[in-house]
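S.K.: Construct the complete structure from the given sequences, taking the supplied hints into account.
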Amino acid sequence: MFPIARLRTPIIILGMNTVSLIAEEVRKLGGQNVFIVTDQGVVQAGLLEKILEPLKKEKISYAIFDQVEAEPSIENLLAATQKARTSPVDLFIGLGGGSVMDTTKMVSVLQVHDLDIRELFGVDKVTKPGLPTIMLPTTSGTGSEVTRNAVFTDKRENLKKVVSSQAIVPTVAIVDPMLTVTMPPPITATTGIDAFIHAVESYLAINASPLTDPLAWEATRLIAANLGPAVANGQDLVARYNMSLGSLMAGITLNNAGVGAVHALAYPVGAEYHVPHGIANVVTFIPTMEYISMARIPKFVQLAAAMGEPIAGLAPREVVNRAIGAMRDLIEKVGLPTRLRDIGATADRIPYMAQAAFKEKRLLGNTPRQLTEEDIRKIFEASF
7 MFPIARLRTP IIILGMNTVS LIAEEVRKLG GQNVFIVTDQ GVVQAGLLEK
57 ILEPLKKEKI SYAIFDQVEA EPSIENLLAA TQKARTSPVD LFIGLGGGSV
107 MDTTKMVSVL QVHDLDIREL FGVDKVTKPG LPTIMLPTTS GTGSEVTRNA
157 VFTDKRENLK KVVSSQAIVP TVAIVDPMLT VTMPPPITAT TGIDAFIHAV
207 ESYLAINASP LTDPLAWEAT RLIAANLGPA VANGQDLVAR YNMSLGSLMA
257 GITLNNAGVG AVHALAYPVG AEYHVPHGIA NVVTFIPTME YISMARIPKF
307 VQLAAAMGEP IAGLAPREVV NRAIGAMRDL IEKVGLPTRL RDIGATADRI
357 PYMAQAAFKE KRLLGNTPRQ LTEEDIRKIF EASF
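My numbering numbers the first residue of the sequence shown as 7 and each following residue consecutively.
Hints are computed from structural coordinates only; laboratory data are not their basis.
DSSO-like cross-link-like pairs, simulated, lysine-lysine; straight-line CA separation at most 30 Å:
1) K89 x K134
2) K89 x K167
3) K89 x K62
4) K365 x K384
5) K131 x K367
6) K56 x K89
7) K134 x K161
8) K161 x K131
9) K167 x K384
10) K89 x K131
11) K167 x K367
12) K65 x K89
13) K134 x K365
14) K134 x K167
15) K34 x K56
16) K167 x K365
Label pairs and their computed distance ranges (CB to CB):
17) L35 x R14: 14 to 22 Å
18) K131 x A321: 43 to 51 Å
19) P235 x R12: 29 to 37 Å
20) G350 x G371: 28 to 36 Å
21) P192 x T352: 19 to 27 Å
Yeah, the Cβ is synthetic: ideal placement off N, Cα and C, and Gly gets one too.
M.R.: Shown next as structure tokens:
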């Protein structure tokens, strides 16, 4: 009746143009030689200059790795690590989306600990933190700036693998909505729906708590109301601010309550068809919600309210249907695929993906309805 609740976050700075505080935050952490991890999209959008200027002004030395791949492989991570080891480094900065921030987390660990990345996949395999990290997200999606997770593609096994440890939670997160304004509509939609799914899954999770539920509910409300406007007009600063806030809240709940079956199914989808993580999530999202809804009817009623559905006088099951319908409408409104076939999937791969998803015990164990491998196969079939 009175559960123990914990909430772990980095130092969080949220606000317009807070990127200008980067040098100040580096100094607070004792940094003098920083290593910046980013990607070519960020460089071409002119966002890298926004952190280089204050670093130069404060005479903080820096080196840069700007070759992070979308859905980074182990090899890409090791290339970043190799470059970092050629420089004197006392602090890492991650400027980008989830791929960049995940890479930054692990490079900071590998810089100071002689470890084999393949031995670190799983829960709490990283026991000692690396060098301090400051994250500046350029998307409103993954929430990686506040989470304990880092995801990489193992090309050898054709699988997405996760490092999950509180030891890799970033030191500081600077969330500046102005860094997201240059995101094109497709990336806004893909990363935004990823944040939405984080909020919904963590609200429904077995490990949800009185500390995470208000954040997850509010994140759901913010993203449902602002994702469409942000996709329609990237210069809508109110929508961009609210998406940054919603994504941040969803990241906090992801880190503390966790997510569930949608993500378990997404990992083999992403590895098999090489689609962004948000797309891998969304193509099985609605059938998964339909499958687990009976285990969380009161919370689905609250989600319907968060999405602005008129629910007065309706029976609970009807409200659940309204909630799931609103989720479907949001996905369709921002032009995202809703079926596996939309991303080129073939039905003959469903048994393999079900088998792979069923191995994600950490995620399935946090799902409010217990799922068998056969249940997962049926969800994939309903998603096709």
